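4 protein chains.
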Amino acid sequence: MTNDGKRFHQHKGMGLVNYVFQEQHIKSLPGHMGIGHTRYSTAGSSELVNCQPFVVDTIHGHMAVGHNGELVNAKALRKKVLLQGTGLSTGSDSEVITQLLTATPPCGEPDGPNWTGRIYEMMQLTQLAYSLVIMTQDCIYAVRDPHGNRPLCIGRLMSLNESPQLSRLGGEIVENGEISDDDSTLGWIVSSESCGFHSFGASMCREVKPGEIVKLTTNGFKSMRIVSLENPEKPPSFCIFEYVYFARPDSMFEGQMVYSVRQRCGEQLAIEAPVEAELVSTVPESATPAALGYSLRTGIPYVEVLTKNRYVGRTFIQPSNRLRKLGVARKFGPLSMNFKGKRVVLVDDSIVRGNTMGPIIKLLKQAGAGEVGPKLNIVS
Amino acid sequence: MTNDGKRFHQHKGMGLVNYVFQEQHIKSLPGHMGIGHTRYSTAGSSELVNCQPFVVDTIHGHMAVGHNGELVNAKALRKKVLLQGTGLSTGSDSEVITQLLTATPPCGEPDGPNWTGRIYEMMQLTQLAYSLVIMTQDCIYAVRDPHGNRPLCIGRLMSLNESPQLSRLGGEIVENGEISDDDSTLGWIVSSESCGFHSFGASMCREVKPGEIVKLTTNGFKSMRIVSLENPEKPPSFCIFEYVYFARPDSMFEGQMVYSVRQRCGEQLAIEAPVEAELVSTVPESATPAALGYSLRTGIPYVEVLTKNRYVGRTFIQPSNRLRKLGVARKFGPLSMNFKGKRVVLVDDSIVRGNTMGPIIKLLKQAGAGEVGPKLNIVS
Amino acid sequence: MTNDGKRFHQHKGMGLVNYVFQEQHIKSLPGHMGIGHTRYSTAGSSELVNCQPFVVDTIHGHMAVGHNGELVNAKALRKKVLLQGTGLSTGSDSEVITQLLTATPPCGEPDGPNWTGRIYEMMQLTQLAYSLVIMTQDCIYAVRDPHGNRPLCIGRLMSLNESPQLSRLGGEIVENGEISDDDSTLGWIVSSESCGFHSFGASMCREVKPGEIVKLTTNGFKSMRIVSLENPEKPPSFCIFEYVYFARPDSMFEGQMVYSVRQRCGEQLAIEAPVEAELVSTVPESATPAALGYSLRTGIPYVEVLTKNRYVGRTFIQPSNRLRKLGVARKFGPLSMNFKGKRVVLVDDSIVRGNTMGPIIKLLKQAGAGEVGPKLNIVS
Amino acid sequence: MTNDGKRFHQHKGMGLVNYVFQEQHIKSLPGHMGIGHTRYSTAGSSELVNCQPFVVDTIHGHMAVGHNGELVNAKALRKKVLLQGTGLSTGSDSEVITQLLTATPPCGEPDGPNWTGRIYEMMQLTQLAYSLVIMTQDCIYAVRDPHGNRPLCIGRLMSLNESPQLSRLGGEIVENGEISDDDSTLGWIVSSESCGFHSFGASMCREVKPGEIVKLTTNGFKSMRIVSLENPEKPPSFCIFEYVYFARPDSMFEGQMVYSVRQRCGEQLAIEAPVEAELVSTVPESATPAALGYSLRTGIPYVEVLTKNRYVGRTFIQPSNRLRKLGVARKFGPLSMNFKGKRVVLVDDSIVRGNTMGPIIKLLKQAGAGEVGPKLNIVS
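Residue numbers (numbering that gives the first Met the number 0), protein chains in the order written: chain A, 0 to 379; chain B, 0 to 379; chain C, 0 to 379; chain D, 0 to 379.
Hints listed in this document are in silico derivations from the structure and should not be mistaken for laboratory results.
Predicted model only: the values in this text are computed from it and were never measured.
Worth double-checking, as some hints may not be accurate.
Identical copies look the same in the list; a pair holds intra-copy or inter-copy alike.
[Unchecked claim] Pairs of lysine-lysine, DSS-like flavour, derived with a Cα cap of 30 Å:
{"#": "1", "residue 1": "Lys330", "residue 2": "Lys233"}
{"#": "2", "residue 1": "Lys307", "residue 2": "Lys330"}
{"#": "3", "residue 1": "Lys74", "residue 2": "Lys361"}
{"#": "4", "residue 1": "Lys74", "residue 2": "Lys5"}
{"#": "5", "residue 1": "Lys233", "residue 2": "Lys74"}
{"#": "6", "residue 1": "Lys307", "residue 2": "Lys79"}
{"#": "7", "residue 1": "Lys233", "residue 2": "Lys26"}
{"#": "8", "residue 1": "Lys324", "residue 2": "Lys364"}
{"#": "9", "residue 1": "Lys26", "residue 2": "Lys324"}
{"#": "10", "residue 1": "Lys307", "residue 2": "Lys208"}
{"#": "11", "residue 1": "Lys26", "residue 2": "Lys330"}
{"#": "12", "residue 1": "Lys307", "residue 2": "Lys221"}
{"#": "13", "residue 1": "Lys339", "residue 2": "Lys5"}
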């Protein structure tokens with residue numbers, strides 16, 4: 000969704016971003032600012048209505064909201080909106096946020112949109128969990144909840160003529176950013192993860208702070224206000240799953256690379272759960288940093304024991320009884336020659352349901368492993 | 000959109016009804032009541048959000064609205080909704096109606112949904128033009144604006160075992176309908192046009208009256224209230240285009256068949272604009288009843304002079320300069336042998352833009368007609 | 000499929016011509032000559048391989064074949080091709096024709112393609128039924144079987160600056176056509192039906208004669224050879240279904256307009272089967288010329304009694320038991336007011352399966368007709 | 000494409016196998032034997048005609064051919080087929096093979112299909128490069144060219160009730176296979192790569208030998224004949240790209256695992272091109288076995304320095320100038336913290352065009368690497 004200063008332009012679709020945003024779609028989105036959103040799509044075309052950003056017309060012009068997170072008090076806030084006489088067209092708590100922002104702020108000034116004030120009022124109503132991008136006629140707001148539960152980063156889009164800039168992955172950390180005629184900054188970007196900056200020529204600038212409201216205009220970005228925690232003694236509660244599961248390994252949070260965190264988990268595991276074995280290996284591929292960490296700490300060689308068939312999970316075919324019996328064998332191929340008769344420490348990072356580790360160990364044993372396990376897991 | 004008493008089930012799409020509602024879609028719509036809507040779709044997938052029925056969650060449960068018409072005071076009502084603090088997600092005045100119905104009625108009782116009261120209040124705010132079907136958790140409301148501008152009919156769905164019923168096209172006209180165990184009535188239907196009743200075994204019962212609120216439940220239908228015109232001396236103003244353009248010829252409005260009205264227009268034209276000619280003919284195919292009426296009144300034989308290529312209008316190809324020059328010749332084929340050297344009275348009913356009659360007359364003259372015209376038009 | 004003198008360019012698809020040939024497809028088909036084909040498509044994407052034109056590479060360059068008709072000795076010819084050691088990829092007799100044309104002519108000259116000779120040899124092998132367009136590197140051949148069973152017409156594409164030309168529907172009938180610099184002829188067209196010429200600014204020139212091989216090049220067209228019937232006493236056997244069912248009413252065959260033939264059928268019916276009645280009517284819409292012919296001959300007024308729902312046949316939904324019971328009532332709407340209590344002569348032209356006439360008469364009687372029938376049919 | 004003993008059933012499509020073969024397609028393919036084919040698809044729907052298997056009707060019934068490879072004398076064989084009078088509908092040399100098999104074998108017996116004989120004759124005409132599966136009415140033939148250029152393996156489909164079987168990855172190597180009532184063999188499978196066997200419960204049996212014709216029926220498989228090389232002193236010439244690029248690492252060729260071959264390449268590289276460095280790393284992910292081999296031989300620790308964005312290559316959007324400048328940075332993310340200031344040996348396996356290694360090294364240097372290279376490549 001883009002904004003050319005006069006109108007909002009929008010394109011939504013179901014499927015991978017590459018599929019939804021083809022060349023003709025990009026061309027149909029003019030403007031000098033824009034926001035976007037991806038989510039795990041569920042089946043059924045009727046679900047398109049749940050696609051974000053949510054965009055509404057308000058008495059102060061159009062506004063669009065992209066939301067990452069889940070509100071802890073979603074039910075109460077939903078009731079509040081319905082009691083105001085506003086009908087909600089989806090079950091999404093992101094729509095609730097959008098309508099809360101639309102309603103005139105109770106203690107705001109009557110004239111003018113005063114979006115910072117509205118956002119501030121909305122943040123009084125709910126403390127957890129949201130990172131938001133909010134586009135109005137004039138600017139974009141980047142907002143992070145007071146707990147800092149979900150990540151939100153600011154990046155600097157640079158002229159590619161000045162290649163030395165590219166090397167500074169971290170860039171300078173600035174409180175407020177500017178765009179002036181004489182420097183190499185082309186614009187500012189806000190994203191949940193910093194890994195994306197790199198791939199279109201931007202560098203990480205800083206994270207939006209817990210509770211912070213940042214305003215981005217054509218002139219740069221500015222910190223407007225910080226909402227502190229109701230209980231100021233509570234520590235920031237950054238979502239642990241970003242480190243161990245969600246985020247891409249080359250993303251940076253709180254000054255550290257996700258990959259490094261995962262590797263240190265593996266090292267710690269080696270300290271807490273040492274095992275005698277000939278090999279350390281990974282369930283590809285998110286557990287690889289942890290397995291390499293385990294290997295580094297113990298000195299046991301790192302060897303690959305499984306290949307992953309990337310297409311299995313995407314099949315449209317209901318597995319037959321026969322295929323169901325095969326289970327993980329459909330997804331992972333054993334590299335038998337690599338581990339025949341050897342004792343293997345197998346590191347995995349998926350404790351979510353915990354129902355694949357057993358079958359994988361059985362698969363490796365059938366394929367010739369001497370001993371596998373004990374069942375280790377980096378977040379156990 | 001259907002309602003099984005607990006949940007609403009919805010399917011929407013772009014394209015012809017036959018294409019959008021295929022077998023699997025129908026099967027995914029359980030329930031004992033339902034509403035639907037068709038509109039001229041405009042290009043672009045993003046327009047799907049404008050598809051009706053609009054459905055919202057309210058403090059009194061889900062509600063869905065299908066709207067035929069255009070509000071004369073749409074702009075003012077839109078502003079009213081926005082000032083209440085409700086963000087609107089489309090530019091449609093049907094969404095405005097939906098949110099007006101959602102907001103608690105100003106002078107309503109505080110407890111209970113009282114939908115009839117809400118609808119009544121909404122009707123105080125706008126008198127023109129709408130026919131509505133409104134589905135709530137328990138029932139469906141059929142509403143027609145006080146001017147009766149758009150049509151709305153009630154039909155009776157009958158058991159097909161009692162074929163004599165089928166013959167009574169008009170059925171009995173009843174004020175309120177019931178469904179009891181011992182009769183042949185399977186349910187009640189509301190539709191803009193009565194022509195559709197016939198094709199699934201229903202018969203016309205009566206029209207919803209101007210300003211009337213009718214409630215349909217599993218027990219039957221009941222007239223709840225009638226909102227009278229602000230200015231009671233104004234006559235009902237049924238949209239003339241329904242008779243001359245929109246409606247299917249086998250529909251019934253105000254006790255008369257649309258086809259008959261069109262034929263009488265042709266007869267009247269013969270009285271007001273008599274012409275000496277050897278043939279009367281039609282621009283196929285909506286003008287045929289009028290042409291037959293003209294022939295009937297004057298005794299001049301009715302002869303077909305044009306065939307219509309039904310596919311031309313639907314082409315996806317930008318016409319080249321050459322094809323543009325050909326104009327109506329792409330759409331109509333002259334049956335030259337039928338009118339060579341003859342004087343032709345050609346009756347058309349499309350005064351909307353009035354830019355095809357000239358070229359059609361030229362086409363017929365080139366193809367051999369002795370004299371065509373004068374340019375006659377049933378609503379001139 | 001087009002030919003730019005060097006390469007063939009092709010686009011095929013399933014669906015209506017308007018859908019398959021969108022603007023980008025037309026643009027991807029450069030060249031100064033081309034052939035195309037439409038057929039009733041059957042369900043299933045795998046059927047795309049059956050789409051014509053069939054195009055093959057031969058020892059004398061590419062060749063493409065479009066075929067209208069069915070070979071009476073298809074089975075024997077298929078066996079002949081298979082025995083030559085050629086594998087056939089479809090069950091179509093059009094592919095058999097294509098491979099027969101590819102095989103070197105048994106008594107032909109050894110050097111050079113000599114396509115006229117090959118076509119002549121192929122025509123010795125089968126006398127019925129085919130109209131063909133055959134495109135080679137240099138030219139297009141238009142071929143009609145010796146019986147003249149299927150139609151094939153030659154049209155002249157004219158400059159639109161000379162509008163008087165447009166009026167001459169028949170144009171001059173010429174044996175061989177030329178394109179010279181000083182006249183208004185832009186090219187020559189071959190088509191099964193002449194009705195299409197009109198809609199892109201061409202005029203009918205003449206029919207390809209039974210057994211004739213016509214060659215079209217950039218210089219014009221030329222009659223190359225005529226294959227006479229094995230039994231020369233047999234009369235030409237033009238397919239009667241073209242007149243009564245397949246062709247568009249504004250097409251011309253053997254000097255007469257299809258519409259006029261149908262109307263004369265109705266007149267003849269009036270002579271052979273006179274009935275006392277108040278109204279003559281049609282089962283819309285192909286039977287209308289016959290009904291008007293019946294009315295013309297008997298003086299009984301022509302009145303419309305049925306509207307046709309054009310969308311019913313195209314539904315993707317399996318009709319439920321209830322809808323099956325309704326039968327023709329789903330497709331035709333009775334205009335009851337037009338015939339209540341009257342005796343109706345109803346003319347239909349579909350004797351193909353003959354199973355709709357009975358239900359339609361029942362439908363009209365239920366809707367109030369005094370007497371309908373006797374069951375009349377123009378080809379009975 | 001399947002065969003139920005009476006008819007062939009076929010489904011083809013463009014796209015990933017998972018997309019083309021959805022559940023309804025699988026259900027529409029009954030039978031007790033079948034063959035399939037995948038190829039890199041090129042853009043444009045008209046290319047569907049090139050999809051294999053090629054299926055033709057012959058004088059001895061239907062035959063379908065799947066072909067992996069490219070004929071060295073394709074041009075001469077194509078001319079041979081065209082001179083026989085057979086038109087070819089594609090430019091594919093797989094269609095040429097199909098028509099060569101169709102033509103009656105020159106020195107074959109006149110009666111009966113004798114497919115083994117036909118295949119043998121065809122193999123006399125071309126020695127390189129093809130692996131074929133050929134399905135006839137009764138059986139499937141698996142054929143490998145006399146040079147053994149492309150791989151072809153036979154696998155045994157086992158009952159899943161006997162889990163001990165699953166562990167024997169290699170199974171027993173048998174010359175001819177049988178299916179009897181009292182054992183656990185459900186059927187036999189032929190595939191280019193053995194990696195697929197594992198994932199639906201089959202085990203590798205043996206490779207089809209260079210020049211061998213193997214016949215598979217419902218009773219088992221049987222070696223029919225072996226065509227020896229024209230020049231018997233030439234060694235078998237297995238395609239080296241299968242080991243270093245095409246094949247999945249868990250596939251087995253000539254008794255060795257592809258992964259192991261790649262790892263040994265890395266070890267050999269360490270011997271031939273030793274470098275002083277702090278880290279060995281990979282360009283993910285096909286070069287990983289070689290990098291681990293290099294690390295194993297030299298003792299230099301293996302560390303990951305790049306993440307791969309799996310979606311970049313699949314975008315439908317033409318890269319803008321800006322994105323083009325970014326080049327490999329769009330596809331690979333540097334894990335800077337892992338290698339800042341360190342000297343890195345980077346192992347890659349893609350010498351195909353050789354134009355990505357330079358930019359990747361530049362990318363790593365900009366991201367902080369002390370020294371990268373020299374540019375090493377496992378097949379250099």
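When the structure is checked against the list of hints, which entries are broken? Sort them ascending. 1, 3, 6, 7, 12 and 13
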